[in-house]
Amino acid sequence: MIQFLGGDGRILGDLPLSHEELVRGYRALQRVRVFDERAVSLQRQGRLGVYAPYTGQEAAQVGPALALGEGDWLVPSYRETGAALIRGLPTYQALLYWRADPAGWCYPDGLRIVPFYIPIATQLPHAVGIASAGSYLGEDWVALTFVGDGGSSEGDFHEALNFAAVWGTPTVFVVQNNGWAISVPTESQMKNTCIADRAAGYGVPGVTVDGNDLVAMWVVAREAVERARAGGGPTLIEAMTYRLAPHTTSDDPSRYRADEEVERWRQRDPIERLRRVLDDLGLWDAEQDAEFLRELRVEFDEAVRRADKAPELEPQELVEHVFETMGPDQLEAWGVLRER
Amino acid sequence: MIQFLGGDGRILGDLPLSHEELVRGYRALQRVRVFDERAVSLQRQGRLGVYAPYTGQEAAQVGPALALGEGDWLVPSYRETGAALIRGLPTYQALLYWRADPAGWCYPDGLRIVPFYIPIATQLPHAVGIASAGSYLGEDWVALTFVGDGGSSEGDFHEALNFAAVWGTPTVFVVQNNGWAISVPTESQMKNTCIADRAAGYGVPGVTVDGNDLVAMWVVAREAVERARAGGGPTLIEAMTYRLAPHTTSDDPSRYRADEEVERWRQRDPIERLRRVLDDLGLWDAEQDAEFLRELRVEFDEAVRRADKAPELEPQELVEHVFETMGPDQLEAWGVLRER
Amino acid sequence: MSSKRWVPISSRLGGSSVNVDTQQQTSVRTLNLVQALNDALDVALEQDRRVLVFGEDVGRMGGVFRVADGLQAKHGKERVFDTPLAEAGIVGYGIGLALAGLRPVAEIQFACFLYPALEQIISHLGRYRHRTRGRFTIPMVVRAPYGGGVHMPELHADSPEGILAQVPGVKVVIPSDPERAKGLLLAAIDDPDPVFFLEAIKLYRSTRVEVPEGNYLHPLGCARVVRRGDAVSLVAYGGMVEVCMKAAEVASREGVELEVIDLETLVPLDFDTVLASVRKTGRAVVVYEAPRTGGFGAEIAARLADEAIFDLDGPVVRVAGWDAPYPSFASVEHHYRPDAKRVLEAVRQVLTR
Amino acid sequence: MSSKRWVPISSRLGGSSVNVDTQQQTSVRTLNLVQALNDALDVALEQDRRVLVFGEDVGRMGGVFRVADGLQAKHGKERVFDTPLAEAGIVGYGIGLALAGLRPVAEIQFACFLYPALEQIISHLGRYRHRTRGRFTIPMVVRAPYGGGVHMPELHADSPEGILAQVPGVKVVIPSDPERAKGLLLAAIDDPDPVFFLEAIKLYRSTRVEVPEGNYLHPLGCARVVRRGDAVSLVAYGGMVEVCMKAAEVASREGVELEVIDLETLVPLDFDTVLASVRKTGRAVVVYEAPRTGGFGAEIAARLADEAIFDLDGPVVRVAGWDAPYPSFASVEHHYRPDAKRVLEAVRQVLTR
Ligand SMILES: Cc1ncc(C[n+]2csc(CCOP(=O)(O)OP(=O)(O)O)c2C)c(N)n1
Ligand SMILES: Cc1ncc(C[n+]2csc(CCOP(=O)(O)OP(=O)(O)O)c2C)c(N)n1
Ligand SMILES: [Mg+2]
Ligand SMILES: [Mg+2]
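Chains as they are written, first to last, in my numbering: chain L, 1 to 340; chain C, 1 to 340; chain G, 1 to 353; chain P, 1 to 353.
Heads up, a few of these hints could be off.
What the hints assert, rightly or not - Result set (DMTMM-like, lysine to aspartate or glutamate): computed pairs, CA atoms no more than 20 Å apart in a straight line:
1) P:LYS77 to C:GLU187
2) P:LYS246 to P:ASP272
3) G:LYS77 to L:GLU187
4) P:LYS341 to C:GLU339
5) P:LYS341 to C:GLU314
6) P:LYS280 to G:GLU179
7) C:LYS191 to L:ASP197
Claimed, not checked - Residues of chain P placed beyond 12 Å of chain C at every Cβ, according to the derived structure:
8) SER27
9) ARG50
10) ARG60
11) GLY62
12) ARG135
13) SER206
14) VAL209
15) GLY214
16) VAL226
17) ASP230
18) GLY255
19) ALA276
20) GLU333
21) ALA340
22) LYS341
23) THR352
In short, the hints are calculated from the structure, not lab data.
Idealized CB from N, CA, C, for every residue including glycine.
Next comes chain L alone, as it looks inside the complex (with noise of 0.2 Å):
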C-alpha cells in the first residue's frame, strides 16, 4: 500500500508534493469536508432530498481530481460531489442535483464532468470511450473515472477494463475501497480483498494506496494520469479508505456494522492527518485554519441561497429533451402538461 503520512499524520521520508501543493490540497480537503457537512445537516432540516455523503473518503476523491489537467474529463459515480467541486462543478449545482432539481444536472459548458451515475458501475465503459474519443481526435485528455467496491462486482468493471487495456486508452479507473456496500462488507464481496491484484490479468498496472493519505492519492494518481497522457494506457487505482457517514442520508448502518470499526477509522481521518504535516511543516495555524472554514462556510450559505433561487420547473420540461426533436407523442404529452 502506497502511503507517504502515517496513520497520525507523520511523514514517512520525502514527500513529493510542494509545500504550496501541500497547502491547496489541505484547502480543497476542508473545501469539500465543509460542503459535506453542511449538506448533511441541510438535509436533516429537509431542505435537500436524499445525499450521499463521503465523510471520510476525502483525499480519496481529492487527490485524484487534482491530478487532471484543464482538458481532462471526470467520470464519478453517485459518491463523488467531492472530486466535482475540486473539478470545478459550482457548489449551488452541487445542491440542486440533490435536491433533485434540473439544474443540478445543467453543468456549464465546457465542464468536463459528465453527471454522477446513478446505476453501479455503468460509467466504467463511458470512461473508456470517452478516452478513446480523445485519442482519435489528437487530443490528449485523460478520462479519470471513479467506481466502489461493490461496483467492482459488476460486470461492467470487467468489461470497461478489458477494453481500456486491450487499446490501452487513456483512461484511469479509481476504485474507493470503503469497506462497505450499503451493508456488504468487503469480505463478502469478494474473497480477495486487493482489487487492485485484478489489474494484472488484464495486463495493466494497478496500485493500493492509502485513500486517506492526500499526498499518496494525488501523487499516484498524478503519475496514472501522466502515463495516460503519454500514450501508456489504463491504470487500476484502489484507494483504501472508509465510509464514515451512512451509505445515503435514508441509511442506518448500526444496523449493519459496529461503531469501534467506525472509531478507529476515525482515527485516520485524511484532514486530520495532512493538518498535522502542515503544522509540523508550519504551513498553515489554527487561525488561518478558522478563518478558512468561515469563508467556506459563507461560501455555502450563498450557494444555498442562490440554489433556492432556481426557477420552479413547468410541468411541461418533463417531456422536453426528450428527443432534440419532439416526437409527436412528447408533443401531445406538452401540450397536455402545459394546461396543468
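Assemble the complex: chain L is given as a structure, and chains C, G and P with the ligands must be docked to it using the hints.
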C-alpha cells in the same frame, strides 16, 4: 504451462496416469473426433443444420469430461459436444441437437448435463448456482463449466468467478483458449492473453495447461474437481488450444487467418500426440486403431439412423412447455396450431 | 400434449381465493405490505427447506425496504444471505440453484436494477423449460420494488413490467394489497415456473390490513373486480389500483359508478375478467405508470380492440406515464405519475367522446 | 420550451423522401439490403470523420453478414474495428465516444445479443439528453440483424423491437427495402439522438432494387403506404412487409384490395398515416413476428382503440408470433412466423366478424 507430453508426443517425465487410463483417454479422443468429422460431413450433405466443430480441441474437452465423477454436472457452451458425448449424451441426441430438433435437448433423466448454451458466458453463473445447490443439499457434486477466450470478455465471466470465489463453491471453470473468437484473435480480445492470470484477482487458483495434451488436461481437471469436492473452492483452468476448423459450418476462416497458423497447430494434434505415447508404451497398435475406428463409424451410422427416426414435431408443440400449465394465450395458440 | 390445461381459477371459484391450508389460519394480524411480504417469506422458508432468499443487502440488513427483516437471524446465513453487487450474477446464480432442484427467491434492490440481468431473464429464465421440453425448469421468484410516488433518485421509480411481460415463459405478478400480496407471493414461490413479483414502493407502508397467519395461497392468473360499477371499467394493477379507487370514489359522489379491476397477474393474463367487465360497461380506461408507448396497458387496450370491439361505446383511453423517463426531478414527479384527476379526465373522455 | 417542434415530415412532403444532397445522386446501382447498408456506412464514413464503425467481427471480417465488408480496408483500423466480445461494453463504450463528440455506429451481432446491453440502453442511451437537459447527447446508432425465416440457432431469430420501443429517448427504425434502408441508415447516423436500426435477416439477400449512389436521407418518423387498398389496412414493418404484400396480392386476385403500411420508424411513430388509412378502410390487421403479448403491434392496436374507435367496422386483429420463444426447432419454424396465409385468415376475420 502444464504439459506432460511434448509437442511431438514425447513423454516429458513421469506420467500421472495408468496405462489403462491412457488407453481410455485415447479411445475417448478418437470417439469424439469421429463424431466431429462425421457431423461436418453430414452437415455438408445438408443432413444437419449449422454445426460448431471442435477439431483440434478434443483433449481440452475430453480431459475435463473424464475428470468428472458420477454425480458431477457438466455446463457446456455450444462448443463442447465432445465433452457431452464423453459424459454420456447419446450420440443420436447430439445429432438431433445440431439438426435443431427438440429431441436434441431432451436429455435422458439423471444425466447431469445442461443443454448447450448459445448466449456466450451466460452458463457460468448457472454453474456456480448448481455447485452451490450441491453444497446446500449436502451432495458432493461439482459443476464443471466451459467458456471460450472470447467469452472471458463478458461481464458474466467476472461475476461468476467472483461469486464462486467469495462463496468457495465447487465449480471448475475451463477456458478453452483456442486463439480465436470467430474472426477476432486473442490479442485483439485482451491485452494480457494469459487468462489464468485473472484467477489471482479473485483469490482462486488459476492454471494454464497445454490444451492439446490429454494427460495434462485430465490430470489438472481431476485435481481441480477433487479440490472443489473437498471444499477447496473453484479453479480456473486455461486450456491453450486451437480451433483448426471453421467457427461453425457457416464460417469461412480464410477471411481472417493464415493457413500457416493452422498448419502449425495441426502439428500439435492432440490425438497424434497421445497415439505416439501409446505407441512408445506398446499399449495400442495400428490394427487396434483401425478396428476401433471401424466400430466408432458403425456406432455413428446407427446413431444417424436413430436420429432419422425421430418423430416430426407437431405444430402445436411450439407452444407447449412455455409454462408447466398452459396459460390462456398458449391454449388459444395451441388450438389454432392443431388445425394446421 | 404434455402440458396441462389451464383453467382460469377465477371462473372456477368466482374470483375468490383458494385457501390451501385453512387449518393453519388460526388468526389474523394487521400488517402493512412490507410486513405481509416478510411474513410470506418467513412461512415459505419455514415450510420448504428448498427455499433460499438472497440479494444485495438482504442478509445482514434485511433488504433496503426490510422485507427480509429478521429472516437471516431466524433461518440462518445459509438460507438468507447477501450476494455481491451484480444483478446478472444474482439471477444467473438463482437459475443454477433452481436447475439443481432448489426454490430460489431473489431480491433485486430496485426494479431498474433488473436491467443488467435482462440477458439472463430473456435468454434463460423464460426459455429453459421450453428449450428442454420440460426436462429442466426454473421455479424461481425474483422480487423487486417498483414504481413512483415517493420521490426516489433517478431510475428508482421505473416500472419495467411491460418489458418482463414480453418475455415468454415468465410470469409477472404485481399485488396491490398486503393480504393479497402474501397469498400471491406464497403461490409464486410454490409455482413451477419463474415468477417476477413487483412490489409498489408507494404501497409498502401506506396501508395496513388484516392478514391471516400461516400459509395460504392466492392463485396466480386471476384478475379481481375490486369495485363494482356500470359506467366505465378501470383496469389497473399495483400502485395504480389505489389511484383508480380514489377516482371511483370521487366519481361515485357525482353518481357515476366506476368498476375497478386489479389485474394482479399480468402474465398469464386473466383477460376474461376484463372482458366481462367491459362487455357490461361498454367503456374502458387502462391505467399504468410506465411510459405510455409500448407499456403493458397497450396489451389490454389491444385485446379490447380485438375482442370487445363491438361492445365498446367509446374509445379505450390509456392514462399512463408520459413518453419520457420517469422524472427524478422532485418538483414535477406528481405531474408524471397518473393520479385520480387524470383518471377522471379520461373517464369523462370515454363517456363523452 | 427549448425543444424544437416536431413536424411530421410525411405531412409536409406527402410521404415522399427528402433528398438532402441531390447533386451527388449521379447514378443508381442494383443492390441487396446488405450491399445497400454497406454503401450507407461507406458514405457516412467518407463524409464525416466523426463516424466510427465497430462491433464483434466487424473489422477484419466485415461482420457475420458482411454489412461492413471492405470498410476497414478502405477507412482504416482506427475507424472500423473489432471489439472484445462484450455487448454491454460495446454500447457503453459507444456512449462514451458519443459523449465526447463522435458519431459511433455499433453493430450487435444479432438482436438477441442486445440483451446484455439493455442496462446501458435503458439507463443511459435513452436518458442522457433528458438527464442533462440537453447538455450531453448521444448521437449513436446501434445496428442489429433481427427476426426469423431463415432458420437460425436458438435466440438468433428474436425480434426485440417491442422492448426498445418502450425506452423513452431512443428511436427505433426497421427498414424493409434496400433503397429505403440506405437513406434511413444515413438519416439515423445523422440524427442527434440514439437510434436502433434493426435489419431483417430474412431480407438481407432476398431482393435487389435500384439504390442511388452517394448520400441521401430518408427522414425518420414517417410511415409509408406501400400498397393502396380500401378493404383492410395491414400495418407492418421490417420482415413482415413482404409477407403483407404477398397477402395483398393474393387478396387482390380475389378482388379484395388491402392497403399495406410500412411503419419504418417505430419511434417516433407516424401514427397519422396509420390513422388516415384505417379511417378510410375501417379495418386493421397488425402484423409482427415477436410474441404477441406486449409486442409493438399492441401499441398500434391500442392507439386504434383510442383514436379510431368510431371508424372501425371490425376488430383490430394482430397476427404475431405465439406467446412462446421463437422456435429453434427447424421443422416448425414456419408455423411460428406469420405468413401470408395467417394474414389472410385475419383479413377474413376482420371483414366478417
Ligand atoms: C446496478 C445497481 N445495482 C444496485 C444499486 C443499489 N445500490 C446503490 S449504492 C449500492 C452499494 C454500492 O457500494 P460501493 O460500490 O462499494 O460504493 P459506495 O456506496 O461504498 O461508495 C447499491 C447496491 C445501484 N445503484 N445500481
Ligand atoms: C452474448 C453473445 N454475443 C455474441 C454471440 C455470437 N458469437 C457466437 S460464438 C462467438 C465467438 C465466441 O468465441 P469464444 O468465446 O472464443 O469461443 P469459441 O467459438 O472460440 O469456442 C460469438 C461472438 C453470442 N453467441 N453470444
Ligand atoms: Mg463501498
Ligand atoms: Mg475462442
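Hints, one by one, checked against the model:
At roughly 15 Å between alpha-carbon atoms, LYS77 of chain P and GLU187 of chain C fall within 20 Å of each other, so this suggested pair holds. Between LYS246 of chain P and ASP272 of chain P, the direct Cα distance comes to roughly 24 Å. Violation of the 20 Å bound is thereby established for this hinted pair. The hinted pair formed by LYS77 of chain G and GLU187 of chain L meets the criterion: a straight-line CA distance of about 15 Å does not exceed 20 Å. Of the pairs offered as hints, the one joining LYS341 of chain P and GLU339 of chain C holds, with about 13 Å between alpha carbons and a cut-off of 20 Å not exceeded.
In summary, the hint linking LYS341 of chain P to GLU314 of chain C is supported, as the alpha carbons are separated by about 18 Å, within the 20 Å threshold. At most 20 Å may separate the alpha-carbon atoms for a hinted pair to count; LYS280 of chain P and GLU179 of chain G exceed this at roughly 50 Å. Among the hinted pairs, LYS191 of chain C with ASP197 of chain L is consistent with the structure: their alpha-carbon atoms are about 16 Å apart, no more than 20 Å. The claim that SER27 of chain P is not at the interface with chain C holds, since no C-beta of that chain comes within 12 Å of its own (minimum 29 Å).
Distance check for ARG50 of chain P against chain C: the nearest CB is about 23 Å away, which clears 12 Å, and the non-interface claim stands. Listed as outside the interface, ARG60 of chain P is inconsistent with that label: its C-beta sits roughly 5 Å from the nearest C-beta of chain C, within the 12 Å cut-off. Listed as a non-interface residue, GLY62 of chain P fails to keep its Cβ farther than 12 Å from every Cβ of chain C; the least gap is roughly 8 Å. Here ARG135 of chain P stays apart from chain C, with its beta-carbon at least about 29 Å from theirs, past the 12 Å limit.
Listed as outside the interface, SER206 of chain P is consistent with that label: its C-beta sits roughly 17 Å from the nearest C-beta of chain C, beyond the 12 Å cut-off. Here VAL209 of chain P stays apart from chain C, with its beta-carbon at least about 26 Å from theirs, past the 12 Å limit. Every beta carbon of chain C lies more than 12 Å from that of GLY214 of chain P, the smallest distance being close to 28 Å; the non-interface claim holds. Here VAL226 of chain P stays apart from chain C, with its beta-carbon at least about 28 Å from theirs, past the 12 Å limit.
Every C-beta of chain C lies more than 12 Å from that of ASP230 of chain P, the closest at about 28 Å, which supports listing it as non-interface. Distance check on GLY255 of chain P: its Cβ is at least 26 Å (rounded) from any Cβ of chain C, clearing the 12 Å threshold; non-interface status holds. With a closest Cβ-Cβ approach of about 31 Å to chain C, ALA276 of chain P is found to remain outside the 12 Å limit, as its non-interface label requires. Not every Cβ of chain C is farther than 12 Å from the Cβ of GLU333 of chain P; the closest lies at roughly 9 Å, contradicting the non-interface assignment.
Residue-level check passed: ALA340 of chain P sits 14 Å from the nearest beta carbon of chain C, beyond 12 Å. Chain C draws LYS341 of chain P into its interface by the beta-carbon criterion, the shortest separation being 9 Å against a cut-off of 12 Å. The beta carbon of THR352 of chain P is kept farther than 12 Å from every beta carbon of chain C, the shortest such distance being approximately 17 Å.
Hints 2, 6, 10, 11, 20, 22, counting from the list given before, are not met by this structure.
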